Amino acid sequence: MVKATLSVIIPALNEAATLLKTLHYTQIGADLEIIVVDGGSEDNTIELAQNAGVKVISSPKTGRAQQMNAGAAIATGDILLFLHADTHLPLGYDEMIREALSHPKTIAGAFELAIDGKGLPLRWVEKMVNARSRILQFPYGDQALFLKTSVFLELGGFPNLPIMEDFEFIRQLKGQGRITILPAKVLTSGRRWQKLGVFKTTLINQTIILGYFLGVPPTTLRRWYRRQAR
Numbered sequence: 001m002v003k004a005t006l007s008v009i010i011p012a013l014n015e016a017a018t019l020l021k022t023l024h025y026t027q028i029g030a031d032l033e034i035i036v037v038d039g040g041s042e043d044n045t046i047e048l049a050q051n052a053g054v055k056v057i058s059s060p061k062t063g064r065a066q067q068m069n070a071g072a073a074i075a076t077g078d079i080l081l082f083l084h085a086d087t088h089l090p091l092g093y094d095e096m097i098r099e100a101l102s103h104p105k106t107i108a109g110a111f112e113l114a115i116d117g118k119g120l121p122l123r124w125v126e127k128m129v130n131a132r133s134r135i136l137q138f139p140y141g142d143q144a145l146f147l148k149t150s151v152f153l154e155l156g157g158f159p160n161l162p163i164m165e166d167f168e169f170i171r172q173l174k175g176q177g178r179i180t181i182l183p184a185k186v187l188t189s190g191r192r193w194q195k196l197g198v199f200k201t202t203l204i205n206q207t208i209i210l211g212y213f214l215g216v217p218p219t220t221l222r223r224w225y226r227r228q229a230r
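In this text, residue positions in the sequence shown follow the numbering used here: the first is 1, and each later residue adds one.
Take these hints with a grain of salt, some might be off.
Computed cross-link-like contacts, DSS-like style, restricted to lysine-lysine with a CA-CA straight-line distance of at most 25 angstroms [unchecked claim]:
(1) 195 / 105
(2) 148 / 3
(3) 55 / 105
(4) 3 / 55
(5) 195 / 55
(6) 55 / 148
(7) 174 / 21
(8) 3 / 118
(9) 3 / 195
(10) 118 / 195
(11) 148 / 105
(12) 118 / 21
(13) 174 / 185
(14) 105 / 21
(15) 185 / 148
(16) 118 / 105
(17) 55 / 118
(18) 3 / 127
(19) 61 / 195
(20) 127 / 61
(21) 118 / 174
(22) 55 / 127
(23) 174 / 148
(24) 21 / 55
(25) 61 / 21
If you anchor each label on the Cβ, the simulated ranges turn out as follows [what the hints assert, rightly or not]:
(26) 123 / 206: 13 to 21 angstroms
(27) 227 / 57: 28 to 36 angstroms
(28) 117 / 184: 14 to 22 angstroms
(29) 205 / 183: 18 to 26 angstroms
(30) 31 / 229: 34 to 42 angstroms
(31) 227 / 160: 17 to 25 angstroms
(32) 183 / 153: 36 to 44 angstroms
(33) 73 / 174: 33 to 41 angstroms
(34) 73 / 51: 19 to 27 angstroms
(35) 160 / 214: 35 to 43 angstroms
(36) 214 / 91: 35 to 43 angstroms
(37) 103 / 132: 17 to 25 angstroms
It should be emphasised that the hints constitute simulated quantities derived from the structure, not laboratory data. No experiment lies behind these values; they were computed from the predicted model shown. Beta carbons are placed, not taken as given, at the ideal position from N, Cα and C, and that holds for glycine.
My request is simple: use the sequences and hints to build the entire structure.
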């Protein structure tokens, strides 16, 4: 039986410090292509990606949604995996994804989350994120969302939003079928949690979600988010 091919799409912006390690864990997979979509980096992100032997394209500096859609537009795989540039995939991730999507009721999936950092507050964040993901079938973008390319195209890709594009896309997916949360964990950087603190980071995240539900324009939410995250 021919294996489904996998396209890993990594949006990046000034990720020279993290990208090589992410690519190392990604390249362990088989029957795949890796596409780094640069959003206007001012460091050597592009050079590092090119030297690593992966596909590299550029996208306007208008947000992650456009980067991910640009990567999907040139992808050749049967399955798309959207991976943040500071997130490491678990060993055997490719076969886990293929197995998950072989079930007829599964429309998409993601991994459980682990945050790279020490301290009880981060462990509580992990527990809350993973409980929410399993119970509500609602992962976020840093949990490495995957789905069949055909499904992605049918939905028209990520909505062209400056923020909350993954949230809105997953809302659309939930209406199509089951979103499976794999028990294996991706390890994402704890830099933002460490910089701002767990309480402030959580408060910012939840405020953005609440604002989105209340109809605050995404452009306004993005400006506010950037000011708070400095």
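Hints versus structure:
For the given pair, residue 195 sits about 40 angstroms from residue 105 by alpha-carbon distance, which is inconsistent with the 25 angstroms threshold. Distance check on the hinted pair: residue 148 and residue 3 sit about 13 angstroms apart at the alpha-carbon level, within 25 angstroms; holds. At most 25 angstroms may separate the alpha-carbon atoms for a hinted pair to count; residue 55 and residue 105 exceed this at roughly 32 angstroms. Taken as a hint, the residue 3 and residue 55 pair is honoured in the structure, with Cα atoms around 21 angstroms apart against an allowance of 25 angstroms.
Of the supplied pair hints, the one linking residue 195 and residue 55 is violated, its CA atoms being roughly 32 angstroms apart against a limit of 25 angstroms. At roughly 20 angstroms between alpha-carbon atoms, residue 55 and residue 148 fall within 25 angstroms of each other, so this suggested pair holds. Taking the CA atoms of residue 174 and residue 21, the gap is about 32 angstroms. The hint is violated against a cut of 25 angstroms. Note on residue 3 and residue 118: the hinted pairing is violated, with a Cα-Cα distance of about 38 angstroms set against a maximum of 25 angstroms.
Taken as a hint, the residue 3 and residue 195 pair is broken in the structure, with Cα atoms around 42 angstroms apart against an allowance of 25 angstroms. Between residue 118 and residue 195 the CA atoms are separated by roughly 13 angstroms; this keeps the pair inside 25 angstroms, and the hint holds. For the proposed pair residue 148 and residue 105, the alpha carbon gap of about 13 angstroms is at most 25 angstroms, so the pair holds. Between the alpha carbons of residue 118 and residue 21 the distance comes to roughly 20 angstroms, so the proposed pair stays at or under 25 angstroms and holds.
With a CA separation close to 21 angstroms, the supplied pair residue 174 and residue 185 stays within the 25 angstroms bound. In summary, the hint linking residue 105 to residue 21 is not supported, as the alpha carbons are separated by about 34 angstroms, beyond the 25 angstroms threshold. With a CA separation close to 20 angstroms, the supplied pair residue 185 and residue 148 stays within the 25 angstroms bound. In summary, the hint linking residue 118 to residue 105 is not supported, as the alpha carbons are separated by about 37 angstroms, beyond the 25 angstroms threshold.
Taking the CA atoms of residue 55 and residue 118, the gap is near 34 angstroms; set against the 25 angstroms cutoff, the hint is violated. At most 25 angstroms may separate the alpha-carbon atoms for a hinted pair to count; residue 3 and residue 127 exceed this at roughly 33 angstroms. Restraint check for residue 61 and residue 195: the C-alpha separation of about 24 angstroms stays at or below 25 angstroms, so the hint holds. With a CA separation close to 33 angstroms, the supplied pair residue 127 and residue 61 exceeds the 25 angstroms bound.
Between residue 118 and residue 174 the alpha-carbon distance is near 33 angstroms, which puts this suggested pair outside the 25 angstroms criterion. For the suggested pair residue 55 and residue 127, the alpha carbons sit about 35 angstroms apart, so the restraint of at most 25 angstroms is broken. Between residue 174 and residue 148 the CA atoms are separated by roughly 14 angstroms; this keeps the pair inside 25 angstroms, and the hint holds. Pair hint residue 21 plus residue 55 holds up; C-alpha atoms about 16 angstroms apart against a cutoff of 25 angstroms.
Straight-line distance between C-alpha atoms of residue 61 and residue 21 comes to about 24 angstroms, which keeps the hinted pair within the 25 angstroms bound. The hint said 13 to 21 angstroms for the Cβ distance between residue 123 and residue 206, and at roughly 19 angstroms that hint holds. The hinted range of 28 to 36 angstroms is satisfied by residue 227 and residue 57, whose Cβ atoms lie roughly 30 angstroms apart. The given range of 14 to 22 angstroms is respected by residue 117 and residue 184, whose C-beta atoms sit roughly 19 angstroms from each other.
Range check, residue 205 to residue 183: about 24 angstroms between beta-carbon atoms, so the 18 to 26 angstroms window is met. At about 37 angstroms, the CB distance of residue 31 to residue 229 agrees with the hint of 34 to 42 angstroms. Taking 17 to 25 angstroms as the suggested C-beta distance range, the pair residue 227 and residue 160 conforms, at roughly 22 angstroms. For residue 183 paired with residue 153, a C-beta distance near 29 angstroms fails the hint of 36 to 44 angstroms.
Checked against the given bound of 33 to 41 angstroms, the beta carbons of residue 73 and residue 174, roughly 24 angstroms apart, lie outside it. At roughly 24 angstroms, the beta carbons of residue 73 and residue 51 sit within the given window of 19 to 27 angstroms. Between residue 160 and residue 214 the beta carbons are some 21 angstroms apart, a value that contradicts the proposed interval 35 to 43 angstroms. As the Cβ distance of residue 214 to residue 91 is approximately 42 angstroms, the hint placing it in 35 to 43 angstroms holds.
Here the CB-CB span from residue 103 to residue 132 is close to 22 angstroms, well matched to the stated 17 to 25 angstroms.
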